[in-house]
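*Asks:* Below, each chain spelled out in residue letters.
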Amino acid sequence: MKASKDHGNFFTSNFGLSNDPIPIEPYFSSEWFKREREKVFKRSWVCVGREENIGEPGDYLVRDIPILNASALVTRAADRKVRAFYNVCQHRGNLVAQTACGHKRSRFTCNFHGWSYDLHGRLVQVPDEKVFYNIDRDQHALKPLHCGVWNGFIFVSPDPARPLEEEFADLGKLVDGYDFALPVVGSYTAEVKGNWKVFLDAFQEAYHVIALHATTVRPTFAGSDNPFAHLTSARIFDRNRSISVYGNPDHRMRPSETLAFKLGVASTYTPDMEKNAALSAAGLNPEGDKNWAFDINIMFPNMELLMGVGWYAQMQFWPVAPDHTHYEVRIYMKAPRDAGDAISQEFNKVMLYDVLLEDLYTIENTQAVLKARADGNFIFGDHEVACRHNYEVVSQMVETRS
Amino acid sequence: MRLFSDTYTDLKPGTVPIEPYYSEDYYRREQQRVFRGQWLMVGRVEQLAQPGDYFNKDLAVLESSVFVMRGDDGKLRAFHNSCRHRGNRVLAKSCGKLGKAFTCGFHGWTYDLSGSLIRVPDEECFTDLHKDELGLRGLACDTWNGFIFINTDPRPRESLTAFIGKEMDAQVAGFPFAGMELAATYEVELGANWKFLAEAYQEAYHVIAVHKDTVADRGTVSRWEVERRAALRGEAPPALPDDPTPGHHFSSVRLFDRHRSMSVFGKPKSDHQLPPAIDLCARFAPSPTRSDYGGLNTHKDASWGADLHFLFPNTELLMVTPTWYLQLGFWPVNAQRSRMEVNFYRQPPRTAGELLAMEYFEANFRDIVREDVAALEPAQAMFRSGATSGLWLSDQEIPARHSFEVIDRHVRAD
Amino acid sequence: MSAGFPEQFRDLERFAATWAIVSRHGRYQHRVRSTMDEVREFYDAITSRLEAIMKYLNRVGLAELPASDRTLLYLMLAYMEASRAVEVIGATEVHWGFDSSRLKIIDGAEL
Numbered sequence: 001m002k003a004s005k006d007h008g009n010f011f012t013s014n015f016g017l018s019n020d021p022i023p024i025e026p027y028f029s030s031e032w033f034k035r036e037r038e039k040v041f042k043r044s045w046v047c048v049g050r051e052e053n054i055g056e057p058g059d060y061l062v063r064d065i066p067i068l069n070a071s072a073l074v075t076r077a078a079d080r081k082v083r084a085f086y087n088v089c090q091h092r093g094n095l096v097a098q099t100a101c102g103h104k105r106s107r108f109t110c111n112f113h114g115w116s117y118d119l120h121g122r123l124v125q126v127p128d129e130k131v132f133y134n135i136d137r138d139q140h141a142l143k144p145l146h147c148g149v150w151n152g153f154i155f156v157s158p159d160p161a162r163p164l165e166e167e168f169a170d171l172g173k174l175v176d177g178y179d180f181a182l183p184v185v186g187s188y189t190a191e192v193k194g195n196w197k198v199f200l201d202a203f204q205e206a207y208h209v210i211a212l213h214a215t216t217v218r219p220t221f222a223g224s225d226n227p228f229a230h231l232t233s234a235r236i237f238d239r240n241r242s243i244s245v246y247g248n249p250d251h252r253m254r255p256s257e258t259l260a261f262k263l264g265v266a267s268t269y270t271p272d273m274e275k276n277a278a279l280s281a282a283g284l285n286p287e288g289d290k291n292w293a294f295d296i297n298i299m300f301p302n303m304e305l306l307m308g309v310g311w312y313a314q315m316q317f318w319p320v321a322p323d324h325t326h327y328e329v330r331i332y333m334k335a336p337r338d339a340g341d342a343i344s345q346e347f348n349k350v351m352l353y354d355v356l357l358e359d360l361y362t363i364e365n366t367q368a369v370l371k372a373r374a375d376g377n378f379i380f381g382d383h384e385v386a387c388r389h390n391y392e393v394v395s396q397m398v399e400t401r402s
Numbered sequence: 001m002r003l004f005s006d007t008y009t010d011l012k013p014g015t016v017p018i019e020p021y022y023s024e025d026y027y028r029r030e031q032q033r034v035f036r037g038q039w040l041m042v043g044r045v046e047q048l049a050q051p052g053d054y055f056n057k058d059l060a061v062l063e064s065s066v067f068v069m070r071g072d073d074g075k076l077r078a079f080h081n082s083c084r085h086r087g088n089r090v091l092a093k094s095c096g097k098l099g100k101a102f103t104c105g106f107h108g109w110t111y112d113l114s115g116s117l118i119r120v121p122d123e124e125c126f127t128d129l130h131k132d133e134l135g136l137r138g139l140a141c142d143t144w145n146g147f148i149f150i151n152t153d154p155r156p157r158e159s160l161t162a163f164i165g166k167e168m169d170a171q172v173a174g175f176p177f178a179g180m181e182l183a184a185t186y187e188v189e190l191g192a193n194w195k196f197l198a199e200a201y202q203e204a205y206h207v208i209a210v211h212k213d214t215v216a217d218r219g220t221v222s223r224w225e226v227e228r229r230a231a232l233r234g235e236a237p238p239a240l241p242d243d244p245t246p247g248h249h250f251s252s253v254r255l256f257d258r259h260r261s262m263s264v265f266g267k268p269k270s271d272h273q274l275p276p277a278i279d280l281c282a283r284f285a286p287s288p289t290r291s292d293y294g295g296l297n298t299h300k301d302a303s304w305g306a307d308l309h310f311l312f313p314n315t316e317l318l319m320v321t322p323t324w325y326l327q328l329g330f331w332p333v334n335a336q337r338s339r340m341e342v343n344f345y346r347q348p349p350r351t352a353g354e355l356l357a358m359e360y361f362e363a364n365f366r367d368i369v370r371e372d373v374a375a376l377e378p379a380q381a382m383f384r385s386g387a388t389s390g391l392w393l394s395d396q397e398i399p400a401r402h403s404f405e406v407i408d409r410h411v412r413a414d
Numbered sequence: 001m002s003a004g005f006p007e008q009f010r011d012l013e014r015f016a017a018t019w020a021i022v023s024r025h026g027r028y029q030h031r032v033r034s035t036m037d038e039v040r041e042f043y044d045a046i047t048s049r050l051e052a053i054m055k056y057l058n059r060v061g062l063a064e065l066p067a068s069d070r071t072l073l074y075l076m077l078a079y080m081e082a083s084r085a086v087e088v089i090g091a092t093e094v095h096w097g098f099d100s101s102r103l104k105i106i107d108g109a110e111l
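Chains as they are written, first to last, in our numbering: chain A, 1 to 402; chain B, 1 to 414; chain C, 1 to 111.
Some clues are possibly wrong.
Straight-line distance between alpha carbons at most 20 Å, and here's what the computed DMTMM-like set of lysine to aspartate or glutamate pairs gives [what the hints assert, rightly or not]:
no., chain 1, residue 1, chain 2, residue 2
1, A, K334, C, E64
2, A, K371, B, E24
3, A, K371, B, D153
4, A, K262, C, E93
5, A, K262, C, D99
6, A, K5, B, E46
7, B, K93, A, E364
8, A, K42, A, D64
9, A, K5, B, E124
10, A, K173, A, D238
11, C, K55, A, D341
12, C, K104, A, D341
13, A, K5, B, E63
14, A, K371, B, E167
15, A, K193, B, D58
16, B, K93, C, E93
17, A, K371, B, E123
18, B, K93, A, E328
19, C, K104, A, D64
20, C, K104, A, D338
21, B, K97, B, D25
22, C, K55, A, D338
23, A, K193, C, D99
24, C, K104, A, E364
25, A, K5, B, E123
26, A, K39, A, E191
27, A, K371, B, D58
Note that these hints are calculated values from the structure, not bench results.
Based on the sequences and whatever the hints tell you, model everything.
*Replies:* In structure tokens, the structure reads:
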């Protein structure tokens, strides 16, 4: 029988990926982790915030990037340009900016010996400068990080393999027109004993909905015509990828959900966009899938955007150690105008929280027993194609000589 | 006085090196050679009485979580608790009872009670999936006197019977293990190497100092305390009658190839004054007759107090009467951290008096364990300082030396 | 003590002291520490009055909502917690879950 979306290796073969089992070692090995630091994370773009976070000249933010053993300082200078630096004083290596964010700064003064830098990273003051023999201030500016902005998301990289625009060009076309400039209405964070790829994998497939989320969101994302929560479509753009998640049209709304939807947004329910064109939004459902719920756009290596009608969520998976990931999720929606909006948003926040408890629990359970099966494999089905693709991309980068 | 060293002359005298008690490298070799491929005690058959009963065991030293389950056919089987699909823990609870099959909570892969994969949701979307090759990864599993042992090698180099050996088997033959119930479990995690911890339970020398209050009802300890106080005052020790049975000495020691047995002196009741609570316990404790003492004091020591049986690499049985015993497990967490499990097994008490007596033994042992543990962490904290280059072990501590030598032999084996 | 509910919702005041909690974290904690009977009683009482409550609360914008109506708003936010337990999970907590004290709630603000 020919492979179809509901049978065989439809996506996997279309994307030219193999069916082989995937070795487990990269998901716990310290050696592999070190190579991921050098070959993957130093060569890739990671998101450190939104442009709105530093909207005005003099605004800045600081972001720890554990796998790079680095702290990034991101500034907006009077020329309105966004710049990023290693947050390290060039004198004795202390952190230049100690607070997570701030406003109206014209310079950063290291609190160790008082060396000062401006928003361009230039060294502008050295106390008792004459005792440093002919110091060349230009040689001691803050060390820059590559920095760019994509759809309002600020990205940095130590040594990017490609320019930011090129890296995310295809995803950019996919989400073109979507309004990302929304406030964060809720966010969660956790330290989880799990490899970042184990973590990401749990958020780039819907196969687990039927089992893990049996009592929470299964009726929403699996139905009689799609009992295994098959993806409605999937796309691969070099290192990045995008999947679309099915929404069950027969899903019976319960009172709280009906209320949430009536008042604003229920991320568990998507109206039929064909029938209700007014609700459709640019940058969503790229293949016009029937019974579409939301898209997951995965921006290599460690971020994804879950995007639906009237909401999106940004997830970031920050590797700390081979078995430790710092996790962040932010929910973006329009600022609540009335009590109804606030209550509607509460529904979405509460729903996500319960689902995350289930996911994170499973990630730690998975990691706990991986090492004992060092000789073992992961087996990815066709609808886990994004997990397989992630492994392929990472292992290719890790194994390149350079 | 050299009671034992002259018997076991092939054990090297001198200090035991200290590096193996903190080295990461040594610990990695222990993981490979002392724990992987060896028989490890993980529980009792009573825990798994019916088909479908299982318990989970998180074993950091194997970097795994392992579960043991009784199948439909009554057989015990052990598995790595990791789904063959994406590796999630298949059984999440610490113990329980299963029906005919069990399902991984992540994506719903289902296994039967023999560990075979029987159902894969949405199987059509997997290519080249052979369910018959995707049963849970098994470990070897067998029992001795009702104790369940596992071995990471599914086809171990030696049987459990051969591993235990005739000598050790004979030590406890006839002991009524089967009639006992688990009355209490203590667990403690501490910052000490697992060998250092286990060795504290293979010598009685420390009793005079560490347990001077808790085991004070043993005559010698109070005698030692009288001498210590005199020394603190700068006085000569008072004249006391010579004690023929020092409670901090072993009355006999038997070192086997890998395991060992030790017997501790006990004092006849009439020799020491009992405080009221202990006296009460002594009166109401089940009083077995001499003939019930099968599997105890097999060496027939005079003034016998208790037996300690240490099974390589990390299990000990502490046996005092036919009515209760303790099983201790010394599990490494990493090179400098361990977890000790103490399981207190007893004959079900028939009267309130028996219950009280058991309660006393149990509580007393808990305090003793707390004293042991308190002494170990500060010592471990100094191991890397260079202040100590080796551990001095006395003739009385020969089981601890043997314990180290056996482990070291495995670590160095090709 | 009266929570100052308008006349038509006076009967719901009995839930104010326990359920009208200002923080998301507090509301979640209250849900998981309650018995299912307590959660269900609260859920049922609110469900039967949903339309009326929302008509009342939504009569003005959030910024204009008088302080005296805030308690009722928090009660409705807590209703969303209760609804998960009653409508979806059938228990106050998810059956297999990560330790909720480790999944930190940072609401409406940047991390």
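*Asks:* Give a verdict on every hint.
*Replies:* For each hint, the structure was consulted:
{"no.": "1", "hint": "K334(A) with E64(C)", "in the structure": "18 Å, holds"}
{"no.": "2", "hint": "K371(A) with E24(B)", "in the structure": "17 Å, holds"}
{"no.": "3", "hint": "K371(A) with D153(B)", "in the structure": "15 Å, holds"}
{"no.": "4", "hint": "K262(A) with E93(C)", "in the structure": "26 Å, violated"}
{"no.": "5", "hint": "K262(A) with D99(C)", "in the structure": "33 Å, violated"}
{"no.": "6", "hint": "K5(A) with E46(B)", "in the structure": "50 Å, violated"}
{"no.": "7", "hint": "K93(B) with E364(A)", "in the structure": "14 Å, holds"}
{"no.": "8", "hint": "K42(A) with D64(A)", "in the structure": "14 Å, holds"}
{"no.": "9", "hint": "K5(A) with E124(B)", "in the structure": "10 Å, holds"}
{"no.": "10", "hint": "K173(A) with D238(A)", "in the structure": "14 Å, holds"}
{"no.": "11", "hint": "K55(C) with D341(A)", "in the structure": "13 Å, holds"}
{"no.": "12", "hint": "K104(C) with D341(A)", "in the structure": "23 Å, violated"}
{"no.": "13", "hint": "K5(A) with E63(B)", "in the structure": "38 Å, violated"}
{"no.": "14", "hint": "K371(A) with E167(B)", "in the structure": "36 Å, violated"}
{"no.": "15", "hint": "K193(A) with D58(B)", "in the structure": "15 Å, holds"}
{"no.": "16", "hint": "K93(B) with E93(C)", "in the structure": "16 Å, holds"}
{"no.": "17", "hint": "K371(A) with E123(B)", "in the structure": "26 Å, violated"}
{"no.": "18", "hint": "K93(B) with E328(A)", "in the structure": "28 Å, violated"}
{"no.": "19", "hint": "K104(C) with D64(A)", "in the structure": "18 Å, holds"}
{"no.": "20", "hint": "K104(C) with D338(A)", "in the structure": "26 Å, violated"}
{"no.": "21", "hint": "K97(B) with D25(B)", "in the structure": "40 Å, violated"}
{"no.": "22", "hint": "K55(C) with D338(A)", "in the structure": "11 Å, holds"}
{"no.": "23", "hint": "K193(A) with D99(C)", "in the structure": "12 Å, holds"}
{"no.": "24", "hint": "K104(C) with E364(A)", "in the structure": "16 Å, holds"}
{"no.": "25", "hint": "K5(A) with E123(B)", "in the structure": "13 Å, holds"}
{"no.": "26", "hint": "K39(A) with E191(A)", "in the structure": "24 Å, violated"}
{"no.": "27", "hint": "K371(A) with D58(B)", "in the structure": "13 Å, holds"}
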